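Start from chain A and add chains B and C according to the hints.
Here is what each chain is made of, one letter per residue.
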Amino acid sequence: MGLNNGISELIRDFGSEKIGLEMHQLMTELFPLCRSITGDGVRQSLQIISQHLPLKIQEVPTGTQVFDWEIPYEWNIRDAYVKNSSGEKVIDFQESNLHVVNYSIPVHKTITLAELKDHLFSLPEHPDWIPYQKSYFSNTWGFCLQHRKLQALKDEKYEVFIDASLEPGNLTYGEYYLEGEMEDEILISCHCCHPSLCNDNLSGMVLTAFLGKYLSSIPLRYSYRLLFIPSTIGSVTWMALNKTQLSKIRHGLVAACVGDPGHPTYKKSRNGRAEIDRAVEHILKHSGEPFSVDDFSPFGYDERQFSSPGINLPIGSLTRTSYGRFPEYHTSADNLEFVRPLYLADSLKKYLAVFDVLENNKYFFNCQPYGEPRLGKRGLTGAFGGGKDAQSIEKALLWVLNFSDGENNLLDIAERAELPFSTVKEAASALIKVGLLREQQSKSILHI
Amino acid sequence: MGLNNGISELIRDFGSEKIGLEMHQLMTELFPLCRSITGDGVRQSLQIISQHLPLKIQEVPTGTQVFDWEIPYEWNIRDAYVKNSSGEKVIDFQESNLHVVNYSIPVHKTITLAELKDHLFSLPEHPDWIPYQKSYFSNTWGFCLQHRKLQALKDEKYEVFIDASLEPGNLTYGEYYLEGEMEDEILISCHCCHPSLCNDNLSGMVLTAFLGKYLSSIPLRYSYRLLFIPSTIGSVTWMALNKTQLSKIRHGLVAACVGDPGHPTYKKSRNGRAEIDRAVEHILKHSGEPFSVDDFSPFGYDERQFSSPGINLPIGSLTRTSYGRFPEYHTSADNLEFVRPLYLADSLKKYLAVFDVLENNKYFFNCQPYGEPRLGKRGLTGAFGGGKDAQSIEKALLWVLNFSDGENNLLDIAERAELPFSTVKEAASALIKVGLLREQQSKSILHI
Amino acid sequence: MGLNNGISELIRDFGSEKIGLEMHQLMTELFPLCRSITGDGVRQSLQIISQHLPLKIQEVPTGTQVFDWEIPYEWNIRDAYVKNSSGEKVIDFQESNLHVVNYSIPVHKTITLAELKDHLFSLPEHPDWIPYQKSYFSNTWGFCLQHRKLQALKDEKYEVFIDASLEPGNLTYGEYYLEGEMEDEILISCHCCHPSLCNDNLSGMVLTAFLGKYLSSIPLRYSYRLLFIPSTIGSVTWMALNKTQLSKIRHGLVAACVGDPGHPTYKKSRNGRAEIDRAVEHILKHSGEPFSVDDFSPFGYDERQFSSPGINLPIGSLTRTSYGRFPEYHTSADNLEFVRPLYLADSLKKYLAVFDVLENNKYFFNCQPYGEPRLGKRGLTGAFGGGKDAQSIEKALLWVLNFSDGENNLLDIAERAELPFSTVKEAASALIKVGLLREQQSKSILHI
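Protein chains in written order, with my numbering: chain A, 327 to 774; chain B, 327 to 774; chain C, 327 to 774.
Please keep in mind that the hints were generated in silico from the structure rather than gathered at the bench. Each hint should be verified, as a subset may be incorrect.
You can't tell identical chains apart in this list, so a pair holds if it fits in one copy or across any two.
[Said to hold, decoys possible] For lysine-lysine, the following PhoX-like pairs were computed, each having C-alpha atoms within a straight-line distance of at most 25 Å:
hint, residue 1, residue 2
1, K460, K703
2, K460, K714
3, K703, K569
4, K435, K460
5, K475, K460
6, K460, K721
7, K714, K759
8, K480, K409
9, K611, K714
Please read all numbers here as calculations on a predicted model, not as lab measurements.
Extracted from the complex, chain A is given alone in its bound form (with noise of 0.2 Å):
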């Protein structure tokens, strides 16, 4: 069976700034809309990505019963403002759809500053930004505004307006599946609840779409479940539609927050020693940039509902600054210029190579293992031409097959030898290729 190679050609000639900018230009498309746990922003968000991406789209009905949840109302929005009594709309949905919360009932009637002031969200640290805020299950309505702009309030009677809905509809969510040798998943989830914010989280929509388009142009090993759905309900909704596929899924990232210019935080997942920890955090040590490592927490997002205590499944979450560490975070400054496309496109060969160290991290047998054998008969010594990278590959030939013992796979042997995995790999392909290596399928085929 071998090596995968696939997604480390990608890696080699990845084309940083050109990807960066399709990236951002995807992302550029989907900011207007509003998104929120249900409605039209999430069903012409998954349209805009089906450009892309094949997505098979899910309408799930108001009232199912998912896990310990039921399905809400559908949300959807027209138009809001607040006028002030000379008819001119001091807050403005058009202007920017942060400026209702999300969720809001409608409402339409005139009341006085102080009845307003009950309804208005603003940030004193931040007097020019608009803040983030929603009610869901909660039926109340809201406005966010800059707190500049509450402040210059006069004390007289407004007129609100929300145009928004609130009924039986559905729950909609996105969902592509590519198919890889084996039935075992590889699983990749983003939220797309949230309206014009951009790293938390149309940077992670964006990254999982283009995760897809790369991913489908390769042979894989594994099969890929790549998710958009709607934080915490959507979750719960997906996997109670999906219980009995659940245990097929081997590793998974929650994608978020990967667009900032920041440096990446993993957040284990809650065993904390599972393949997918190991397979980032080798990835980020060797990438030479600094970079953190957190603890598993039922804190943060969707990983929080695949690592309930029924579900348990090995899934961290691979970030930039991660939520709340930003002070853009659910503001009107998480926006297209805080975005980068640089950071879109590093977030994205990052988690290619955790995926290239999943696709390739197999269990070998070192076919002479008695003594060493003789490399320079076959052709190994000085076989990797001169400097430092063909140094260390002959020393991965040497780490290689001393641990490759069945009982190491290629990701424990990269670790003890203190090599970048890519290198391993690359000592194991070729001791595969003049037969001092096989396959130990019993560990390496896992399920199938």
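This is chains B and C only, laid out in the frame that chain A set:
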């Protein structure tokens, strides 16, 4: 069955100042008695404690074989002095029982200063303190005195007189058993063989007595066994007489040196990762005060007997400054001023907090383990008031739900969440109340 | 069966100065011979060692298949030089056997300086040293010389002459087997294929010879096997010819670079927590001197062959400065002045101390495991004289009693007690003598 709030309510209402004074008062009553490993000093001490706690007092006859040991002759002393040639008492047992080497054989003769000096002990580095010396099993006699007084002795004849008896009798110890819901026991043991010495170990006797008093006022899951025994020979005796019952002991602490101003020190059980070790370390870590943790060693107090390889009980020792590390140790400076009410009460509270962990450290199952359950519809959102504590409990709800898979007990969860056990317990209580948590009976019920 | 004091008595009476000089004297005799992986240089070296230790000398014919390798042609050299056009020898094998690339094919012709230079090796950074080069399995020839001399060569014609033979013959190695009480073996292996180089590895040959001499003078629990073999091909050959016997090897050390002034370095076995690893680390830690410990890697000396996955023996390597880390490595500066008697003797003593641990690292049961036994009535109180050593032994008595539960061997106890093995062993001996300790036979006796 739920959780036991008895101890946490005790702690919540704990009046440190009043309790500290009561503890010190009991210590003051016990102080003057001349205790040893046998004899009336022990009997009288146990009588005084019986006014607070109904002890069962055991008498074990001289000559009884207890494992590798034998109960020795009983020692009693009525008076002792050294008179100079003018008939003045230069050393007087009535001033301090430390003046006589504990377990001295009777003597009455007139000797030279040189001969006397072979039987005198003093501390040149603390010339105003009387050292504490003992001569168990060695048939000798001696006096202890201030180095300053020793140096002032003139070269003349001295009358030495020790009115003691060393005769067949008994070894006396006290025991208190508090029946809980389970047969499984927590053992608290203190030594009662030191004469007028406060930190080592009247403080331990007083703390053990007050533990008994407070614990007997509430319903308990574990049964508790409190031992007031002479050091070494006492614990060996008790184990020999109760050998078939030892397997009921699930956790234990040896109480000593609990009244000095130093910070708490925990000496781990022989196992080092027993539940008692983790419970004590957790309480100390979350106390916000400095503390030390020592590995087990076969030196110290009776934990070394309880940890002998044929017994091997999970018993640690929670002290303040540990034996030998404070200069007052085994001298007349370890007195009623050295031990303070404040520290006695603080130690008592910490012991209770440890038992609160043990009483409630159960395994649970999340009853809605697929995704997160909806807390809002069960009234658990915003249910704990505002402020930092409320936030901690709300976080703890998610930690408890995520890790209640029957494999993590509440202490495991508290450690992983880096939250105090009491917070995690409060969250668990709330979850039990709304039916989101059920006990993993087979792990929690233990031995019955 | 008790404990074996043979080695500790050797160490106690160890005359470092005299022994160091004897070791250096043997090295001086071996120095001039031109060793290689085959040939008369090895034979003569083994003959010299046989005067100290009755070696069994093995001859393995050219062409014999040994695992993945084949015994090569035997190489012998009689003379070699390079003459300038005036007939002066500008390079002369008689001055140093390092001048000829080891395993050079015979050559005799006249060539230009440019042609000659393709076959010359020197060290620009050490212009007065001759490098050591070899050309096994590659059918070429060459000369090594001081860089200063190379630069002085004039542009003229040179006569090159290497009077060597490369013909069917044998690979020669020496073996010494010392029968102990058990069939279980400790292996000590050194390589004997380097020409006039002292630290790497005449020092290892001399140390191994002296180990054999000293060990053969005392009764031993383990059997010992000492190998004097050419590097790589030698260990592969020996393993191939003794494959069925390899399972008897319980511990091993590869001896090399044991005479330089650097501090000891231990390279762990592949397993990393084998008993040999713990024994060596213990001895180094308690030596009070600086030392290094390296993880296993598949580079270095024959430990890499003994650790190949099909062999996987628990064999480490105890050196002083390890190969490649001292500038004199593989140059004419690794000579009789670089290696000093003092360091040779110190290394020998450390090897013996390690074997003392292995010989005595048994499991015991405390015969009075319920509470502490009374040491006084058995004469063990104050039995070891005064001073710090006596105090350590008295402490060790309690450590040994507490942890002799059949699950901790004496090394485990020494590590836990942070005491030297020799102290713990002395305490165990005393306890055996009074009947307080008995051997846990099933664990201690191993393979017989």
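Evaluated hints:
Taking the shortest alpha-carbon separations for K460 and K703, only the inter-copy value of 17 Å comes in at or below 25 Å, while the best intra-copy value is 69 Å. In this assembly of identical chains, the alpha carbons of K460 and K714 lie at most 25 Å apart only when taken from different copies (23 Å versus 54 Å within one copy). With identical chains, the CA atoms of K703 and K569 are at most 25 Å apart between copies only, with a shortest distance of 24 Å across copies and 54 Å within one. For a Cα distance limit of 25 Å, the shortest separation of K435 from K460 inside one copy, 21 Å, qualifies, whereas the shortest one across copies, 92 Å, does not.
Taking CA atoms no more than 25 Å apart as the test, K475 paired with K460 passes inside one copy only; the shortest distance there is 20 Å, against 83 Å between copies. For a Cα distance limit of 25 Å, the shortest separation of K460 from K721 across copies, 20 Å, qualifies, whereas the shortest one inside one copy, 56 Å, does not. When the C-alpha separation of K714 and K759 is checked against a cutoff of 25 Å, the pair qualifies only within one copy, where the shortest distance is 22 Å, while the shortest distance between copies is 62 Å. For the homomeric pair K480 and K409, the shortest alpha-carbon distance inside one copy (12 Å) is at most 25 Å, but the shortest distance between copies (99 Å) is not.
For the identical chains of this complex, K611 and K714 are intra-copy neighbours only, at 19 Å inside a copy versus 36 Å across copies, given an alpha-carbon limit of 25 Å.
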